[in-house]
Structures are given as structure tokens and as C-alpha cells.
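Listed in order, the protein sequences are those of chains A and H.
First residue of the first sequence: -5, per our numbering; consecutive thereafter.
First residue of the second sequence: -2, per our numbering; consecutive thereafter.
None of these hints come from the bench; they were simulated from the model.
Treat the hints loosely; a few may be bogus.
[Said to hold, decoys possible] Sample of chain A residues at the chain H side, in silico, Cβ under 7 angstroms:
1. GLN32
2. SER36
3. GLY46
[Said to hold, decoys possible] The calculated DSS-like cross-link candidates involving lysine-lysine, where the alpha carbons are at most 27 angstroms apart (straight line), are:
4. H/LYS101 with A/LYS59
5. A/LYS59 with A/LYS1
6. H/LYS39 with A/LYS1
7. A/LYS1 with H/LYS53
8. H/LYS53 with A/LYS59
Remember, predicted model here, so these are calculated numbers, not experimental data.
A virtual CB, placed ideally from N, CA and C, is assigned to each residue, including glycine.
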Amino acid sequence: SAVISQKPSRDICQRGTSLTIQCQVDSQVTMMFWYRQQPGQSLTLIATANQGSEATYESGFVIDKFPISRPNLTFSTLTVSNMSPEDSSIYLCSVEIPGGGNQPQHFGDGTRLSIL
Amino acid sequence: QKEVEQDPGPLSVPEGAIVSLNCTYSNSAFQYFMWYRQYSRKGPELLMYTYSSGNKEDGRFTAQVDKSSKYISLFIRDSQPSDSATYLCASPTGAGSYQLTFGKGTKLSVIP
């Protein structure tokens, strides 16, 4: 498996501000993913981040709200823009370890975000 | 109907008990199943994954898939307090898909 580090681990933000979450992996990976985990809800995929191309967003998520960068094969950022209390959640980065076919995803410890 | 249903619990068992955690799924395209364990304030940690029907064993853990009834289970033998966590089942949306569909998770407490 890979070591996946997320920063910050938690934050409390004011309504209307933006926060950028970083995800660093200790090995090169092709596929990186961003998820949201709201209380009492399933993990939900926000987008897939591929190096060298635009992120692919899932239904219900848009680039203006959740811009993503993927400058290289070990790093990605997710920005939560113009935050409101409904954005209070855990945001998780995951990676798929190369191995051919379907490979399981491995997760970071997440960023716990509270919006006042 | 949600694509993956999982009883959220909480489930409380005495140390040493056999634990059965279960999920049902509705999408016949699901071919590949995973169980994750998530401790409080941590990210999900992959426990087991399986491609096919039948059982897969790893130490005290056994994953079971019944594709005919669209039912997946995780059994924990000789449960320990360190097994206290939330257990999530997941499956890729379809062949070659990177999108994982998760259940809501079952919170397990193993009481010493």
C-alpha cells in the first residue's frame, strides 16, 4: 500500500471563505480521487484527478465549487470554495495503486472541515 | 433504492464473539467487492477484497459473496476490542469503473 498524507487534518472556517486541502502520496500513482463523507452518509466520490488533464467530476459536483489540481503523480489539491455550513464534512483523498485491472483504493486520514 | 445497503448498527458484542456484518446490493454489474475498516478520526483502511462468489479468508476475517442473492458478508472470529470500528462495504460501479459505491457503514463495538 501507499502512505497518503492529507493537510490540514482539520479546520474551522468562516462562511464564504475557501480552503485548499492537500494530498501527498509517497509513490507515483495514476489515479487519485477525492471523496466527501458526511455524518450518517456513505462516502461519495467528488471527482477523479488525473495528472495532466482536467479532473472528472461526478454528478452533483462542479469545478467552480471544488476546483482540483494534479500537478504531478504524487500530489493533488482540492479546494472547497465559497463555503457554507452544508460543506461541513470530512474530505478524503484516495489513490489506486497501479497493478492492472481493478485495484482497491487506499485512503488518507481525511480533513475534517467545519463551517461556521 | 440505494445501490448498497448496510445496517448502520450500532452493533455491540462481547470479546471473543463471532461477528457478522452484512451488505446487500442492487446492481448486477457489481463484480468486485471490498471491505474497509474505519477507526474514529481515521480514513478507511482496506481489509479485504474479492472478485467472485464464495469465501475469502484472511486470519480472523472471512469475506463472503453470494451473487445470486446480491449479499456480501464479513465475518470476524474471536473478536477483539481493537476490532471496534466502523466497517464499510464497497463495490466499483461497473467493470473498469473507478467509482466506488459505499454502504453507510456499520459501527461495531467489541466489549472486553
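### Task
Sort out which numbered hints this structure fails and list those numbers smallest first.
1, 3, 7, 8
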